[in-house]
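Protein chains: 2
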Amino acid sequence: MKVRVFVSLKNGVLDPQGRAIHHAIEGLGIDGVKDVRAGKMIELDVEDSVTDSQLEEMASKLLANMVIENYRIERLAA
Amino acid sequence: MKVRVFVSLKNGVLDPQGRAIHHAIEGLGIDGVKDVRAGKMIELDVEDSVTDSQLEEMASKLLANMVIENYRIERLAA
Numbered sequence: 000m001k002v003r004v005f006v007s008l009k010n011g012v013l014d015p016q017g018r019a020i021h022h023a024i025e026g027l028g029i030d031g032v033k034d035v036r037a038g039k040m041i042e043l044d045v046e047d048s049v050t051d052s053q054l055e056e057m058a059s060k061l062l063a064n065m066v067i068e069n070y071r072i073e074r075l076a077a
Numbered sequence: 000m001k002v003r004v005f006v007s008l009k010n011g012v013l014d015p016q017g018r019a020i021h022h023a024i025e026g027l028g029i030d031g032v033k034d035v036r037a038g039k040m041i042e043l044d045v046e047d048s049v050t051d052s053q054l055e056e057m058a059s060k061l062l063a064n065m066v067i068e069n070y071r072i073e074r075l076a077a
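Line by line, the protein sequences give chains A and B. Residue numbering for the first sequence follows numbering that gives the first Met the number 0, starting at 0 and increasing by one per position. Residue numbering for the second sequence follows numbering that gives the first Met the number 0, starting at 0 and increasing by one per position.
Source of the hints: derived by calculation from the structure; they are not laboratory data. Note that the structure is a prediction, hence the values are computed from the model and not measured. Wrong hints could be hidden among the right ones.
Since copy identity is lost for identical chains, a pair holds within one copy or between any two.
[What the hints assert, rightly or not] Simulated pairs of lysine-lysine, PhoX-like, Cα-Cα distance not exceeding 20 angstroms:
no., residue 1, residue 2
1, K9, K33
2, K60, K39
3, K1, K33
Pulled out of the complex, with its shape left as it was, chain A reads as follows:
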């Protein structure tokens, strides 16, 4: 089964990578971009035996820094 974990910065946390991307987009001559936030996506291929609580454990202990980041787990059909 495929699982995706999305990790993004919490609101209010400064995002220098996002600002750099925003600046570069303006450099391409594209207007109309109001905000950019950079985050991570981790794609896992797991056995069906892996439980939701194990996925939560991975995400909160390993993939996201819970002080400044949030995560969202998405299970896809096999």
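Keeping the supplied structure of chain A fixed, place chain B upon it in accordance with the hints.
Same frame as chain A, now just chain B:
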């Protein structure tokens, strides 16, 4: 309007970050993870005037390295 761009490594491209995560998950004592791939997610807040081709341009020129990465663009409802 919110737009998300997902950038992931092409198949066959070595992913040391994903391997490190995989190894760390096993260190947590969780079995059953077969593969891990690390990628990026960029969330943009754009005006409705921004066209699909402008989004493609951003993604291919700026956000993804097309030699080793693929991207997928997802437009969300405002």
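Here is how each hint holds up against the structure:
{"no.": "1", "hint": "K9 with K33", "verdict": "within (18 angstroms within a copy, 30 angstroms between copies)"}
{"no.": "2", "hint": "K60 with K39", "verdict": "both (15 angstroms within a copy, 19 angstroms between copies)"}
{"no.": "3", "hint": "K1 with K33", "verdict": "between (33 angstroms within a copy, 10 angstroms between copies)"}
Violated hints for the displayed structure: none, as all numbered hints are satisfied.
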